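Per this note's numbering: the first sequence = residues 11 to 501.
Possibly wrong hints are sitting among the right ones.
What the hints assert, rightly or not - DSS-like mimics (lysine-lysine), calculated; alpha carbons at most 30 Å apart, straight line: (1) Lys-65 to Lys-225; (2) Lys-157 to Lys-225; (3) Lys-264 to Lys-407; (4) Lys-225 to Lys-261; (5) Lys-225 to Lys-264; (6) Lys-404 to Lys-449; (7) Lys-491 to Lys-404; (8) Lys-383 to Lys-65; (9) Lys-65 to Lys-261; (10) Lys-264 to Lys-383.
Said to hold, decoys possible - Ranges between beta-carbon positions, derived for each pair: (11) Pro-14 to Glu-137: 26 to 34 Å; (12) Val-86 to Asp-389: 35 to 43 Å; (13) Gln-437 to Ala-466: 32 to 40 Å; (14) Pro-14 to Asp-432: 51 to 59 Å.
No lab work stands behind these hints: they were computed from the structure.
These figures come from a predicted structure and were not determined experimentally.
Even for Gly, the Cβ is constructed at its ideal location relative to N, Cα and C.
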Amino acid sequence: MSQPFRVRMAPSPTGDLHVGSARTALFNFLIARRSGGSFVLRIEDTDAERSDMEKEAGIYDGLRWLGLQWDEGPDVGGPYGPYRQSERHEIHHEAVAALMADGHAYRDYTTAEERAAEREGQRERGEPQRYSGLGRRLTNAQIDERKAAGVVPAVRYRSEPDAVTFDDLVLGSITVGPDDIDDFVIARGDGSALYNMAVVVDDHHMQISHVIRGKDHVSNTFRQVLLYEALDWAPPRFGHLPLVVNERRQKFSKRDGAQWLGDYRAQGYLPEVLCNFLIFLGWAPVDEREIFSLDELVQEFSLQRVNRADAVFDTQRLDHFNGVWIRGLDIDDLAARALPYAAADGLTIGPADHDYFAAALALEQERLSHLNKTAELMDFFFDQDLNPDMRQAKFTKHDPSETAQALVRVSELIAQAESYDDATLEQQMRELAGQLGWKAGDLFMPVRVAVTGRRATPPLFATMEVLGRDRCQVRIQRAVKNLAALTGGSI
RNA sequence: GGGGCAUUCGUCUAGCGGCUUAGGACACCUCCCUCUCAAGGAGGAGAUCGCGGGUUCGAAUCCCGCAUGCCCUACCA
Numbered sequence: 011m012s013q014p015f016r017v018r019m020a021p022s023p024t025g026d027l028h029v030g031s032a033r034t035a036l037f038n039f040l041i042a043r044r045s046g047g048s049f050v051l052r053i054e055d056t057d058a059e060r061s062d063m064e065k066e067a068g069i070y071d072g073l074r075w076l077g078l079q080w081d082e083g084p085d086v087g088g089p090y091g092p093y094r095q096s097e098r099h100e101i102h103h104e105a106v107a108a109l110m111a112d113g114h115a116y117r118d119y120t121t122a123e124e125r126a127a128e129r130e131g132q133r134e135r136g137e138p139q140r141y142s143g144l145g146r147r148l149t150n151a152q153i154d155e156r157k158a159a160g161v162v163p164a165v166r167y168r169s170e171p172d173a174v175t176f177d178d179l180v181l182g183s184i185t186v187g188p189d190d191i192d193d194f195v196i197a198r199g200d201g202s203a204l205y206n207m208a209v210v211v212d213d214h215h216m217q218i219s220h221v222i223r224g225k226d227h228v229s230n231t232f233r234q235v236l237l238y239e240a241l242d243w244a245p246p247r248f249g250h251l252p253l254v255v256n257e258r259r260q261k262f263s264k265r266d267g268a269q270w271l272g273d274y275r276a277q278g279y280l281p282e283v284l285c286n287f288l289i290f291l292g293w294a295p296v297d298e299r300e301i302f303s304l305d306e307l308v309q310e311f312s313l314q315r316v317n318r319a320d321a322v323f324d325t326q327r328l329d330h331f332n333g334v335w336i337r338g339l340d341i342d343d344l345a346a347r348a349l350p351y352a353a354a355d356g357l358t359i360g361p362a363d364h365d366y367f368a369a370a371l372a373l374e375q376e377r378l379s380h381l382n383k384t385a386e387l388m389d390f391f392f393d394q395d396l397n398p399d400m401r402q403a404k405f406t407k408h409d410p411s412e413t414a415q416a417l418v419r420v421s422e423l424i425a426q427a428e429s430y431d432d433a434t435l436e437q438q439m440r441e442l443a444g445q446l447g448w449k450a451g452d453l454f455m456p457v458r459v460a461v462t463g464r465r466a467t468p469p470l471f472a473t474m475e476v477l478g479r480d481r482c483q484v485r486i487q488r489a490v491k492n493l494a495a496l497t498g499g500s501i
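Can you build the whole structure from these sequences, using the hints too?
Right, dumping it as structure tokens:
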């Protein structure tokens with residue numbers, strides 16, 4: 011990639027970024043950065059009636075969260091604005107007028123009923139359903155009549171019976187036959203430009219050099235190419251990415267659960283992970299590495315290595331990436347990221363508890379699969395009233411009263427330990443197990459349950475060190491009490 | 001109905017005419033490590049490269065046909 015590419019991302023304001031759009035944005039971002047070019051954000055809000063500002067913000071949030079900063083856009087401006095399609099009506103209109111002036115487009119006074127009837131007839135006869143140019147054949151008298159009757163004409167491109175070909179950066183050369191493009195509408199009755207028209211005009215005026223988008227746009231591309239020719243503008247290069255599909259190999263939809271970036275954020279995925287995962291949906295590096303930061307992707311990415319086949323969004327693989335990235339995070343970084351999730355789940359961690367939280371989190375780091383599991387994994391570190399259910403200890407080898415006696419010994423040991431740390435604790439507990447004639451593991455499990463209230467925890471002694479002597483002592487006392495209740499008497 | 005595109009383990013992918021008994025990763029299974037859970041390590045199972053024809057000394061790789069799938073087929077974007 012020698013020339014700086016000017017690429018763009020043109021989402022509709024939906025309030026959040028769709029994962030498919032996020033992926034398209036990623037590819038565009040990478041191409042721009044890699045070539046030293048520009049990444050343009052254009053909001054395609056022409057269809058929207060209501061206030062889009064909030065929905066627009068959702069797009070910004072998603073992009074920023076992923077780390078895909080744009081160089082030009084509605085909020086940051088740029089030399090080719092405005093960057094909101096709804097503010098470009100006049101520019102579109104000029105082009106539509108030009109097309110009409112030189113005969114490439116015409117006003118169509120047919121009615122919706124007439125067009126529907128034509129389609130219906132074609133369908134019944136088993137013919138391809140295409141607009142035959144009804145409006146071109148209306149006589150002046152008919153047109154006057156309709157004008158008088160209040161028919162508001164749409165503007166249609168006047169198609170010629172030629173094949174259209176373009177060379178796609180990903181798909182290669184693509185051709186559509188002469189009969190397969192009809193007189194499509196480029197502007198509504200009210201004069202506003204339709205998608206294909208608006209896109210061509212905007213991309214041209216914004217000097218977009220490469221249009222990289224989803225494969226679902228290839229059929230639009232033929233029309234757009236025609237418009238570029240009619241307008242006598244040099245078209246950009248096109249590159250169509252394979253689609254991200256669900257398990258059933260269809261386009262992602264609401265039925266497929268999480269389809270918005272915000273969903274993934276809420277589920278505790280790291281933005282780095284989304285980038286890392288998404289880029290592998292349709293692209294692979296030259297070697298067999300799998301973990302890439304955005305910066306590394308900028309170095310490695312190449313359009314030539316983009317696939318043509320659609321890719322299934324595999325959540326298990328996403329989860330795996332999340333784990334790898336979480337484990338790779340520096341503990342302070344992880345703590346800063348996990349804190350909001352923990353707080354959202356009701357874990358109150360004041361500034362004074364920060365170090366304690368980080369120390370505990372360090373123990374859970376390799377067990378944390380998603381940031382939103384933080385509280386679930388760590389609440390026992392913060393539960394002042396933890397009241398361990400000792401039945402979890404199972405008592406397969408030693409019954410509750412025996413276990414209680416052992417815990418009393420543990421409590422004494424804790425009280426006397428001159429140094430309350432991982433190594434000392436382990437050494438002394440192993441000694442105690444020996445004195446008791448227990449297998450070490452058989453002693454550790456009830457202690458674990460007593461001190462954490464659960465069976466699955468980080469390594470026991472490191473956990474006890476972080477919890478601290480007092481917390482452990484209190485919890486073991488309670489455990490002994492609970493054990494006594496289980497046996498129905500005292501010990 | 002029409003058009004376009006695609007088709008390598010269940011999934012993401014490597015492969016670009018011989019180096020391939022088709023490589024890696026996720027998930028799965030076994031074992032090791034081990035105080036639990038993870039993480040990690042070592043193995044295993046899993047793809048006649050959609051099917052059928054060609055081209056070639058030789059094809060997952062090139063060509064043709066078929067099948068299947070997806071996308072598009074609006075005065076939506």
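- Would you pick out the hints that fail for this structure and give their numbers low to high? 2, 3, 11 and 13
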